[in-house]
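> Using the sequences plus the hints, can you model the full thing?
So the protein sequences, as listed, match chains A and B.
Quick note, the first sequence lines up with residues 6 to 139 if you use this note's numbering.
Quick note, the second sequence lines up with residues 274 to 408 if you use this note's numbering.
Source of the hints: derived by calculation from the structure; they are not laboratory data.
Glycine included, every Cβ here is placed at the ideal spot set by N, Cα and C.
It is possible that some hints are incorrect.
[Claimed, not checked] Which residues of chain A face chain B? A partial, calculated answer using Cβ under 10 Å: (1) Asp21; (2) Ile25; (3) Thr33; (4) Val64; (5) Ser65; (6) Ser66; (7) Ala67; (8) Ile73; (9) Asp94; (10) Glu97; (11) Leu101; (12) Leu102; (13) Glu103.
[Stated by the list, open to error] Here are some chain B residues the structure puts well away from chain A; computed CB gaps all over 10 Å: (14) Arg281; (15) Ser337; (16) Lys340; (17) Phe347; (18) His350; (19) Ala360; (20) His380; (21) Glu390; (22) Glu392; (23) Asp395; (24) Ile399.
[Claimed, not checked] Partial chain A-side listing against chain B, Cβ under 10 Å, derived: (25) Asp7; (26) Val34; (27) Gly70.
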Amino acid sequence: MDSEIRISLNEKENKDITEIRVDGVIDTVTSSELEQVFNSLMNRQRYKIIVDLSGVDYVSSAGWGIFISKIKEARNSKGDIKLVNLSEDVYEIYELLEFENVLKTFDSLEYARVDFGAGSPNLNGKKKAKNKPR
Amino acid sequence: MNELTIKREIESLELIVKLIEKFVIQHKLDNQTSYLLNLSAEELFTNMVKYSREGTGDINIILSFDKNKVMMKFKDHGVDEFDITKAREPDFDASLEDKRIGGLGIHLVKEMMDKVEYEYKDRTSIITVFKNVEK
Numbered sequence: 006m007d008s009e010i011r012i013s014l015n016e017k018e019n020k021d022i023t024e025i026r027v028d029g030v031i032d033t034v035t036s037s038e039l040e041q042v043f044n045s046l047m048n049r050q051r052y053k054i055i056v057d058l059s060g061v062d063y064v065s066s067a068g069w070g071i072f073i074s075k076i077k078e079a080r081n082s083k084g085d086i087k088l089v090n091l092s093e094d095v096y097e098i099y100e101l102l103e104f105e106n107v108l109k110t111f112d113s114l115e116y117a118r119v120d121f122g123a124g125s126p127n128l129n130g131k132k133k134a135k136n137k138p139r
Numbered sequence: 274m275n276e277l278t279i280k281r282e283i284e285s286l287e288l289i290v291k292l293i294e295k296f297v298i299q300h301k302l303d304n305q306t307s308y309l310l311n312l313s314a315e316e317l318f319t320n321m322v323k324y325s326r327e328g329t330g331d332i333n334i335i336l337s338f339d340k341n342k343v344m345m346k347f348k349d350h351g352v353d354e355f356d357i358t359k360a361r362e363p364d365f366d367a368s369l370e371d372k373r374i375g376g377l378g379i380h381l382v383k384e385m386m387d388k389v390e391y392e393y394k395d396r397t398s399i400i401t402v403f404k405n406v407e408k
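Shown next as structure tokens:
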């Protein structure tokens with residue numbers, strides 16, 4: 006397991022929503038990079054954030070701590086942080102930490118966009134998943 | 274037995290990961306056990322670096338496997354006593370605003386491992402965790 010992280014942003018899909026795609030591991034060493042990305046987004050008043058974790062197979066408490074501290078800031082400004090595509094291992098830790106009532110997870114980007122109120126024509130009438138894993 | 278002595282700095286995590294990787298291959302352990310050992314090691318070691326800055330010595334890590342049980346031991350020298358088995362649990366019922374971020378790591382270790390022991394002698398904190406493995 007290499008302690009590396011790659012982060013890319015997509016702000017084009019929906020104007021007020023930022024999608025962050027993370028690949029690699031979110032641990033004590035790499036989590037500061039993720040924190041900097043959140044800080045820079047919030048400095049630009051972008052508080053509606055979806056984090057796509059499909060390329061992440063490891064999140065330690067350092068990473069979870071950042072999600073929890075940043076979500077407070079986001080919600081204070083009428084935004085939120087939603088996680089999508091959690092791997093089985095990452096979802097297990099999410100459950101152990103009892104974050105179900107704090108941090109919403111979805112099994113696709115589209116479901117998370119809909120939860121932000123951004124309609125998506127691609128759902129084909131499927132019900133939105135609320136707090137649904139993977 | 275696999276043993277490692279490392280400096281009290283976050284950069285040493287890389288060496289711990291390598292030690293666990295070698296140990297997992299040596300004992301043919303599954304991916305899930307490897308994942309849980311890595312995560313526990315990171316949480317325990319990071320706590321030692323963050324909260325025992327006054328620690329005077331290096332930190333020893335010992336890994337062993339016997340009777341389908343993994344044992345991972347951390348010896349943290351020259352530090353004050355902090356019994357993680359008695360540490361306050363994060364308040365999961367608190368509202369988001371009051372939710373404590375501290376303590377998540379220790380809580381995770383207790384949940385992931387089958388047994389956690391703490392011993393303190395001669396200003397050395399010894400944390401030992403056990404994980405049962407199905408083989």
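> So, for every hint listed, does it hold in this structure?
Against the structure, the hints come out as follows:
no.: 1; hint: Asp21; in the structure: 22 Å, violated
no.: 2; hint: Ile25; in the structure: 20 Å, violated
no.: 3; hint: Thr33; in the structure: 5 Å, holds
no.: 4; hint: Val64; in the structure: 9 Å, holds
no.: 5; hint: Ser65; in the structure: 5 Å, holds
no.: 6; hint: Ser66; in the structure: 4 Å, holds
no.: 7; hint: Ala67; in the structure: 7 Å, holds
no.: 8; hint: Ile73; in the structure: 6 Å, holds
no.: 9; hint: Asp94; in the structure: 5 Å, holds
no.: 10; hint: Glu97; in the structure: 9 Å, holds
no.: 11; hint: Leu101; in the structure: 5 Å, holds
no.: 12; hint: Leu102; in the structure: 6 Å, holds
no.: 13; hint: Glu103; in the structure: 5 Å, holds
no.: 14; hint: Arg281; in the structure: 13 Å, holds
no.: 15; hint: Ser337; in the structure: 21 Å, holds
no.: 16; hint: Lys340; in the structure: 25 Å, holds
no.: 17; hint: Phe347; in the structure: 15 Å, holds
no.: 18; hint: His350; in the structure: 21 Å, holds
no.: 19; hint: Ala360; in the structure: 13 Å, holds
no.: 20; hint: His380; in the structure: 7 Å, violated
no.: 21; hint: Glu390; in the structure: 20 Å, holds
no.: 22; hint: Glu392; in the structure: 24 Å, holds
no.: 23; hint: Asp395; in the structure: 28 Å, holds
no.: 24; hint: Ile399; in the structure: 22 Å, holds
no.: 25; hint: Asp7; in the structure: 8 Å, holds
no.: 26; hint: Val34; in the structure: 6 Å, holds
no.: 27; hint: Gly70; in the structure: 4 Å, holds
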